[in-house]
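Novice: What follows is the residue order along each chain.
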Amino acid sequence: MLIQLRQLTKTYGTGDAAFQALRGIDLDINRGEFVAIMGHSGSGKSTLMNILGCLDTPTSGTYRYEDITVERLTADQRSILRRHALGFIFQGFNLLARTSTVENVEIPLLYRGLSRRERHEKALAAIASVGLADKLRNTPAELSGGQQQRVAIARAIVTEPSTLFADEPTGNLDTATTIEIMRLLTRLNAERGITVIMVTHEDDVAAHAKRIVRIKDGLIESDNIRS
Amino acid sequence: MLSTALNALHIALREIRRNVTRAFLTMLGIIIGVAAVITMVTLGQGTTKAVENQISSLGSNLLMLRPGAGFGPRQPNIPNFIESDVTAISEQIPGIAAIAPARGASMSTAYLQNARSTSVTGTTEDYFSINKWTLADGRFFNIADYRDGAAVCVIGNTVRKELFGSANPIGQKIRIGNASCEVIGLLAPKGQMGMGDQDDTIIVPLTTLQRRLTGHTGAHDITMISISAEDAASSDRMISEITSLMRQRRNLQPNQDNNFNVFDTRQIAETLSSSTRMMTMLLAAVAGVSLLVGGIGIMNIMLVSVTERTREIGIRLAIGARAREVLLQFLVEATTISCIGGLLGIALAVALCYGLGSLINVPVAFNPQINLVSFIFSAAVGILFGFTPARRAARLDPIDALRHE
Ligand SMILES: Nc1ncnc2c1ncn2[C@@H]1O[C@H](COP(=O)(O)OP(=O)(O)OP(=O)(O)O)[C@@H](O)[C@H]1O
Ligand SMILES: [Mg+2]
Chain A
1 MLIQLRQLTK TYGTGDAAFQ ALRGIDLDIN RGEFVAIMGH SGSGKSTLMN ILGCLDTPTS
61 GTYRYEDITV ERLTADQRSI LRRHALGFIF QGFNLLARTS TVENVEIPLL YRGLSRRERH
121 EKALAAIASV GLADKLRNTP AELSGGQQQR VAIARAIVTE PSTLFADEPT GNLDTATTIE
181 IMRLLTRLNA ERGITVIMVT HEDDVAAHAK RIVRIKDGLI ESDNIRS
Chain B
228 MLSTALNALH IALREIRRNV TRAFLTMLGI IIGVAAVITM VTLGQGTTKA VENQISSLGS
288 NLLMLRPGAG FGPRQPNIPN FIESDVTAIS EQIPGIAAIA PARGASMSTA YLQNARSTSV
348 TGTTEDYFSI NKWTLADGRF FNIADYRDGA AVCVIGNTVR KELFGSANPI GQKIRIGNAS
408 CEVIGLLAPK GQMGMGDQDD TIIVPLTTLQ RRLTGHTGAH DITMISISAE DAASSDRMIS
468 EITSLMRQRR NLQPNQDNNF NVFDTRQIAE TLSSSTRMMT MLLAAVAGVS LLVGGIGIMN
528 IMLVSVTERT REIGIRLAIG ARAREVLLQF LVEATTISCI GGLLGIALAV ALCYGLGSLI
588 NVPVAFNPQI NLVSFIFSAA VGILFGFTPA RRAARLDPID ALRHE
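Order-wise, the sequence lines are chains A and B.
If you count the first sequence from 1, position 30 lands on 30 in my numbering, and the numbers rise without skipping.
If you want my numbering, it's the 1-based position in the second sequence plus 227.
Note that these hints are calculated values from the structure, not bench results.
Cβ coordinates follow ideal geometry from the N, Cα and C atoms, glycine included.
Heads up, some of the hints might be wrong.
What the hints assert, rightly or not - Partial list, derived from the structure: chain B residues whose beta carbon lies under 7 angstroms from chain A: (1) I238; (2) R245; (3) L479; (4) P481; (5) A545; (6) R549; (7) L623; (8) P625.
To be verified - Simulated pairs of lysine to any residue, SDA-like, Cα-Cα distance not exceeding 25 angstroms: (9) A:K135 - B:N246; (10) A:K122 - A:G146; (11) A:K122 - B:A232.
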């Protein structure tokens, strides 16, 4: 078991303004799965993803990642977990502005104490695997949306994470580019055994996943493994 | 730990290079603040120093007697002094070490093709010692020169520069008015006094001025009497005694104001230092304002970039940086920018001080303490404003930092 959630809740705000976005999630995910999380807008998909990715903390319940009890970790320990095991892909890319492709992809490696050469080689390999070897020196402003998302994917996989989290990775992209990105994620899942957990609205996109979890009003509505 | 620090330095320098404009705008505040404070304080202190030097160059127990009231320009229709005034003072007032009458005139002077107008003072040989003039070269005139009205003169350093350039003036003949005078002495420079240049002067025997240069030997032709007291303590007494003697000699009725004035160096010193105090206060106020403007500039840039920087922090945290690593990066960034800004500010201050100092004729002596204090102050402002938003952002959950708007 890679991920195990038990009665996980998340409440935003306090008092009258409190809003329970997750109301008791039980979820198990195995190593190597490709999971799509679906649901209406406001159902709590992003909230769940952010907690799974250790970007946010749950209000109650337990979250085990491998044999780590995540809610007991300090902020620094969660950083270290993210650094070594987790990769993120955001809808809005979240690349550093005015920063070239290579430099963006190198950033996670800066916190790993690698030598300059190792950093550069790993970054180049990751960039090559997303097919952007000809855009090494371009900054995000000089790249298309699909290319920016591929830089973000290269940045996410450069540390060789065991799990990749993607919150609507194709939400800002057109159909053709969406297919490209999904092929890339499918390949990473199949070839490298990276567990991929992805939020999406679109059935076409979810069709790439092997398992679809539907969320409604902060609860799991259905959980199907595609045949 | 060391590698973490080196890493932070590496990342910080990258970020600075990537955002040169932002870095420079931040620096600008620091540069302005540091440069303004150092320049103002240095020039203020230079002026005070210059004034002190001038006062001490006047001598400590010097009294001066001038026609007219106050320090201001000569009022018309007020009689000058006559030679018997000088004699009367030296005979009737006890405690006088030396006394010298002087008559001033502005005259055209020329040497070869160089010509200029200069203040010419006719006096006696005691004038030099009373006014603390020393020789750079040659000799003063003596009693014999005075008695004969010899065609000799002693020139100040500015006159030498203007008329002779680098040539040796001693023994040369210059033209003063319509007469020709031999330069027998060169005065050691004294520098500026208030608005005037003390070295722009030619000193000749009074008899020479009367007989050869102006051709005017009227009785009322002494425009200043310099007196040195035997000791500085008696100058108050001497001022009052000279005042009553002169009132009597000038036939002033009890209801009439003095039409002359006697003052000593202490009074000059007080007048001058009260005006430099004013100026120093003014400069300090201006410096304070520029420091404030600099601080606001820094704050502005920091606030403008806070959203972008908070998101940057969110990104770094999300991909595995620890809060302390991000904070170290921001600390190094802010410190580097502030220190470079501070150094540039000091460099600008040096340039400004020498530029303005030579323009307004103020000696420049840098006060390391002020440089250090303003540097540290501005650097602290820069570091504070650079670091505080980062500290706030790094405490957030990564997702909140990423969502920052
Ligand atoms: N920071 C927050 N503070 C308060 N409420 C929040 C916050 N973030 C999310 N919510 C609320 O929690 C609920 C779930 O939000 P979430 O972002 O998880 O939805 P989602 O399923 O990702 O929706 P979408 O498909 O539109 O992205 C929403 O009703 C939202 O208003
Ligand atoms: Mg969402």
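Novice: Checking hints one by one. Is A545 of chain B an interface residue toward chain A, by the C-beta closer than 7 angstroms rule?
Specialist: With a minimum Cβ separation of about 6 angstroms from chain A (threshold 7 angstroms), the hint on A545 of chain B holds.
Novice: Against the 25 angstroms threshold, does the CA-CA distance of K122 of chain A and G146 of chain A hold or violate the hint?
Specialist: This hinted pair holds, its Cα atoms lying about 21 angstroms apart.
Novice: Could you check if P481 of chain B really has its C-beta closer than 7 angstroms to a C-beta on chain A?
Specialist: Where the cut-off is 7 angstroms and the nearest Cβ of chain A is about 86 angstroms from P481 of chain B, the hint is violated.
Novice: Does the closest beta carbon of chain A sit nearer than 7 angstroms to the beta carbon of R549 of chain B?
Specialist: This hint holds: R549 of chain B lies near chain A, its Cβ roughly 4 angstroms from the closest one there, short of 7 angstroms.
Novice: K135 of chain A and N246 of chain B were given as a pair; does the straight-line alpha-carbon distance stay at or below 25 angstroms?
Specialist: Answer holds: K135 of chain A to N246 of chain B is near 21 angstroms, not above 25 angstroms.
Novice: Less than 7 angstroms between beta-carbons is the criterion; does P625 of chain B satisfy it with respect to chain A?
Specialist: Hint on P625 of chain B: holds, closest Cβ of chain A at ~5 angstroms, below 7 angstroms.
Novice: Do the numbers back the hint for L623 of chain B, that is, is its least Cβ distance to chain A under 7 angstroms?
Specialist: It is violated, given that the least Cβ distance between L623 of chain B and chain A is near 10 angstroms, above 7 angstroms.
Novice: Minimum Cβ distance from I238 of chain B to chain A below 7 angstroms?
Specialist: The hint holds - I238 of chain B has a Cβ within 7 angstroms of chain A, the shortest such distance being about 6 angstroms.
Novice: Would you check the hint for K122 of chain A and A232 of chain B, treating anything up to 25 angstroms between C-alpha atoms as holding?
Specialist: 23 angstroms, holds
Novice: Holds or violated: is the Cβ of R245 of chain B closer than 7 angstroms to a Cβ in chain A?
Specialist: 5 angstroms, holds
Novice: Minimum Cβ distance from L479 of chain B to chain A below 7 angstroms?
Specialist: L479 of chain B check fails; min Cβ-Cβ to chain A is 83 angstroms, beyond 7 angstroms.
Hints 3, 4, 7, counting from the list given before, are not met by this structure.
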